[in-house]
Amino acid sequence: MAFVPPARHLLRAKDLADARYFERLDVDDMAAAAGLSRAHFSREFRRTFGESPHAYLLSRRLERAAALLRTTDRSVADVCMSVGLQSVGSFTTSFTRTYGVSPNTYRAKFPPAASHALVPTCVLRFYGRPKTARFEKTAARPAASLATDR
Amino acid sequence: MIKISNAQLWVHDQDEALAFWTEKVGMEVRADATLPELNFRWLSVGPPGQVDISIALMAIPGPPVMDEKTGKQVEELMSKGFAGTIFLATDDIKASYEELKGRGVEFTEEPSERPYGIDSAFRDPSGNSIRLAQLSDVPAA
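Protein chains in written order, with my numbering: chain D, 1 to 150; chain L, 1 to 141.
Take the hints with a grain of salt, since some may be wrong.
[Said to hold, decoys possible] Here are the simulated lysine to aspartate or glutamate pairs, EDC-like style, with alpha carbons at most 16 Å apart:
no.	chain 1	residue 1	chain 2	residue 2
1	D	Lys-14	D	Asp-26
2	L	Lys-101	L	Asp-119
3	L	Lys-24	D	Asp-18
4	L	Lys-24	D	Asp-26
5	L	Lys-94	L	Glu-113
6	D	Lys-14	D	Asp-28
Quick caveat, the hints were computed from the structure, so don't treat them as lab data.
Sequences are here, hints too, so could you generate the full structure?
Here it is as structure tokens:
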């Protein structure tokens, strides 16, 4: 059997965090993907990639959360859940520590998400037409009726 | 130079499509914005690492954009699998096939050798046919 460098197993854990960050993934799952005990895995991961697996997973989630804040109009709570985090309070704290501003303040620094909607003029024309428009000809009314309306 | 920025797929339910493309296929959300004044939601996804191209997942609109009859026709074409196709490529078809199948993706064609590589196909929840291939190295024209 060919020798597989230990880092290859650690890379599986890293790939798992990159691909499935939006699930309820934790360091135990990453360790399982690498086929190592949690303590050994954490030590080796940090030695190989320069940061703890927990920090890596969190930074992946925060990076995705920042992108969602910039490009979607989802609420902060939705963004938090969308990246696999469960507590909005902890998310806000981690985000603020990382980006220097709260999620809402961060979002406010960028153009609104609607600016990412590539709505061409033809779509605007179509979608913007009033639904209630009526174009039937109005039947001519007798002069007497017009007089009563006044 | 002209490049492709977005391709478009009709979908019967944007939330279901979003879950499928992100959780099962592994794409990321590129934009998700609702324009309430137009009753329009722009939702796009794309592959991580290929940031300049996205797939817009479009709900079939009702009147006044499409009359009901046209909307039904599009819906019918889509559920028959004839409303469009997206061609995806992977470096490792075997691994991608196993991964997506493991996540419950409904494959209509298992990977098979073709003159241009190894090709397979699956469907999204709306019935759209999506091809997934490991392409051979073809010399540039």
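Hint by hint, which ones does this structure get wrong, listed from lowest number up? 4
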